[in-house]
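Engineer: In the order they appear, the protein sequences are chains A and B.
Numbering-wise, the working numbering puts 77 at position 77 of the first sequence, and it's gapless, one number per residue.
One rule links them: number in the working numbering = place in the second sequence (from 1) + 121.
Some hints could be false.
Stated by the list, open to error - Calculated lysine-lysine pairs in the BS3-like style (CA-CA distance at most 30 Å, straight line):
1) A/K92 <-> A/K19
2) A/K2 <-> A/K34
3) A/K77 <-> B/K204
4) A/K92 <-> B/K168
5) B/K163 <-> A/K121
6) B/K194 <-> A/K100
7) B/K201 <-> A/K110
8) A/K88 <-> B/K168
9) A/K88 <-> B/K149
10) A/K2 <-> A/K28
Derived from the structure by calculation, the hints contain no laboratory data.
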Amino acid sequence: MKRHYETVFILTPVLSQIKVEETVDKIKTFLIKKNAIIAYHESWGLKKLAYSINKKNTGYYELIQFKIDNTKASKNKNIISELDIILKRDEKVIRFLTLKLDKFAMIYSKNRIQKINSIQK
Amino acid sequence: MIDDLDLLQHSSQGEEIRYLAPIKIEEKPREKFCLFKQYGIKYVDYKNPTFLVKFINMQGKILPRCITGTSLKYQRRIAKAVKRARHLAILPFLGDDLK
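My request is simple: use the sequences and hints to build the entire structure.
Structural biologist: Here's what the structure looks like:
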């Protein structure tokens, strides 16, 4: 059985564009190492925060959707908790949120991706 | 004027007195409906602040069910979505003048 997850995390606005990509790649490579398949990645760019976090008023928002095959259970154990630890230890990450997507959320996210793609075209 | 009114009251004793009490105007309360059942929305997205603003007041508090008219099932999901949005600084914990 495959399970779908979604993480959103905010990076500090101090970083340059290259450093942002590096940190995103670091998390992506960790997920790939653990046999997760990255379904979708989206960066919202520099956005204003609703309230200040760590005395910062802006941040880079990044969204990653991935799926985990639970049949290979021995390798994929505690993948979410390990991901949380990596995000927690990273000083560049201000906030993060990891969710499991249910079937309604999957339908919604598919429609959302289609909409975004159609606007870009 | 006052004497006239007294006279009127005395004269109409036994008959039906009209318009002494304020006239009753029947007002139907506007029917509320669940937005999610009406339009078939199954998932409340926490990433969309323009949609979530409908269910919070000026200060950023979650509005109760009796005002918005959402069903209990979706009220729970709204509350969860708003709390997630607050954690990610998409919505404020304490707003000044939202909307």
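Engineer: Taking the hints in turn, state whether each one holds.
Structural biologist: Against the structure, the hints come out as follows:
A C-alpha spacing of about 10 Å is found between A/K92 and A/K19, which places the hinted pair at or below 30 Å, so the restraint holds. This hinted pair checks out: A/K2 and A/K34 have alpha carbons roughly 14 Å apart, not beyond 30 Å. Of the supplied pair hints, the one linking A/K77 and B/K204 holds, its CA atoms being roughly 28 Å apart against a limit of 30 Å. Under the criterion of a C-alpha separation no larger than 30 Å, the hint pairing A/K92 with B/K168 is consistent with the structure, at around 21 Å.
A distance of roughly 27 Å separates the Cα atoms of B/K163 and A/K121; the hinted pair therefore holds under the 30 Å criterion. Restraint check for B/K194 and A/K100: the C-alpha separation of about 19 Å stays at or below 30 Å, so the hint holds. For the hint linking B/K201 to A/K110, the alpha-carbon distance of about 21 Å falls within 30 Å, and the restraint holds. In summary, the hint linking A/K88 to B/K168 is supported, as the alpha carbons are separated by about 21 Å, within the 30 Å threshold.
Taking the CA atoms of A/K88 and B/K149, the gap is near 55 Å; set against the 30 Å cutoff, the hint is violated. Distance restraint check for A/K2 and A/K28: the Cα-Cα separation of roughly 18 Å lies within the 30 Å cut-off, and the hinted pair is therefore satisfied.
Comparing the model with each numbered hint stated earlier shows that hint 9 is the single one that does not hold.
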